[in-house]
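Student: Since the structure of chain A is provided, determine the placement of chain B on it from the hints.
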Amino acid sequence: MSSKVIHALYNDDEVVLKAVKKVKAAHHHIEEVFCPFPVHGLDKAMGLAPTRIAIASFMYGLVGLSIAIWLTWYTMINDWPQDIGGKPNSTWFANMPAFVPIMFEMTVFFAAHLMVITFYLRSRIWPFKEAENPDPRTTDDHFLMEIPVGEDEEELTELLKETGAVEIKVVEVEDTHDH
Amino acid sequence: MYQFSGKIKTFSLTLITIGFLATGWSFYNGLNKTSADAKAALAAEQHGDHGNTAKNHDNSSAKQETHHNDTNEQNAGEKHHASHNHHDTGHSEEEKITHKLHQMHNRPWAALYVSLLFFLGITLLVLAFYAAQRVAQSGWSIVLFRVMEAITANLVPTSIIMLIVIVLTGMHFNHLFTWMSDGVFDKSSQNFDPIVYGKKLWLNTPGWIVRGIFYLLVWNFYRWFIRKNSIAEDTATDIKIFKKNYNASVIFLVFFMFTESMASWDWIMALDPHWFSTLFGWYVLATLLVSALTTIAFVTIYLRSKGYLPKVNDSHIHDLAKFMFGFSVFWTYLWFAQFMLIWYADIPEETTYFVLRFSEYKTLFLSMLVMNFVFPILLLLNSDFKSQPWFVLIGGTVILIGHYVDLFVMIMPGTVGGSWSFGIPELGAALFFLGIFIYTVFSAFAKVNPVPIGNPFLKESEHFHYYNIEHHSSTGENNHH
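Chains as they are written, first to last, in the numbering used here: chain A, 1 to 179; chain B, 1 to 481.
These are computed hints drawn from the structure, not numbers from a lab.
All the pointers check out, no bait thrown in.
Here's a subset of chain B near chain A, in silico, CB distances under 8 Å, partners left out:
1. Phe336
2. Phe339
3. Met340
4. Trp343
5. Tyr344
6. Asp346
7. Tyr467
Using N, Cα and C, we set each Cβ at its ideal position, and we do this for glycine too.
Just chain A, with the same shape it has in the complex (with noise of 0.2 Å):
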């Protein structure tokens, strides 16, 4: 099965983002829009909901904090004790200013690179996967907005003309993912 979707190219990220703004006022369902940058409060525009990856990265950092605390107790405290600094180490919190460092580090490092991991697999990217954006132009200087068109093609082609489209183009779609 097969459908039509309107590809609309613009060339600055401010008229795009009014562009979106308009065709949503015209109650159009906007498909994607492929930017070559994050263009803020494009997500708002287009009415998706709110991103959840800080709370996702609070958790992270709290599983990274967990996870420093157990390291630095295992391998100093209990395994192997070490002496740090001539001070009695019986107990974890006795040495606790010395396991600071390794628990503000390990917080940052498992945030941080978890929080890109989830963004891979939520955007469903991952290594050698093929390229999905339908215009190699948007990688480089240019904005496409993808709309599906059913009846209404005219009026929405001579509605993105107006919004300061640069290129328009009505294409043929195979179903290949689900929406």
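Tutor: Same frame as chain A, now just chain B:
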């Protein structure tokens, strides 16, 4: 334009009066303390401290191994430890009473001094932050310029009081700085202190007075200059004054970075003259800077709620809260950097600083960490919370109290040792300076246009919108992106 209302005037004058009377009373009360009072207080203390004798015994022998001369006059912290061990160190009952009496006499001075430095420091850091905004030619903060300028008006009265305190201290009206007492630099004297003697190039009373006056004069000169020329920008026809202000701010910032460090050595670190920390200036800077940003946020939120700052939107509040959050973490970083190195190395002359704070000020010392680090992290981490004035007010109140306590724990151990308390002297001084702050800041704000209309970046500031937040107030309505 803002009117300095009679209500605020009455309120601030009431605070000043109450604070002045309380401070006056505590000076009268504190300075009239006699040896009999000291003896009674000491007797009550020793009764309670009996269980600690063994622990203190260890401390004192460790100190002797490192060639500290225990019979000399040392800073209040070490004296305090010694005072528990008069059998070993030869401190007579007489000396202990004199020592205790000195602490009692110091208390009203120290109480005044903590609040004075707190308000002077906050005001100075607002001035420095303002100068940094000019140097960075930042766009977002222009609509807050008149608020910051108004706050810096408080520099004048606090500097005058500081000047008086400096002169009186130099003239031995108090014993806040132990190294200023007689004989400390005299090798034949019983009071001779070899450690302080080694620092005599820096730690000497005339130098200390001259430096203090010098810092205050230059800071006030820049404030006077920049305020005058900022107002002149409003009616200027070209960009010349703006550029001149930029140059003056660059020079001031360079000067400030040196003098702020030096002032914190002179006015705070010198209270514990045996101890030193190379990042102390930074640490004090962090404390005062986070308090200064909180103060800017508070005054801004108040004036905006009254409708005098129509150009200030939620993004400006959000940015101030981001600074509050960021510098809280910065403060923690410096606090920990200072603490960990001393804890790790475990050298007696360095650890005395923290030993005293852990033994006599434990609750304050630890609760300060919670208030200045844990609380701001939890409350101001979330982006949405930072644009809510109420959250900023709650978080800011804890930050301000926390950093007052921080300064308290920096100053009190070296001046009153273990005989600290929070009562009428401390509260009175805080109210007194708060009253002065409110009076000077709001009367200064009423004097000029609340919007710096001559600043070339004004438009940018008005349109400032951090993409990730919604503007709630009606004032931000025309700014949606």
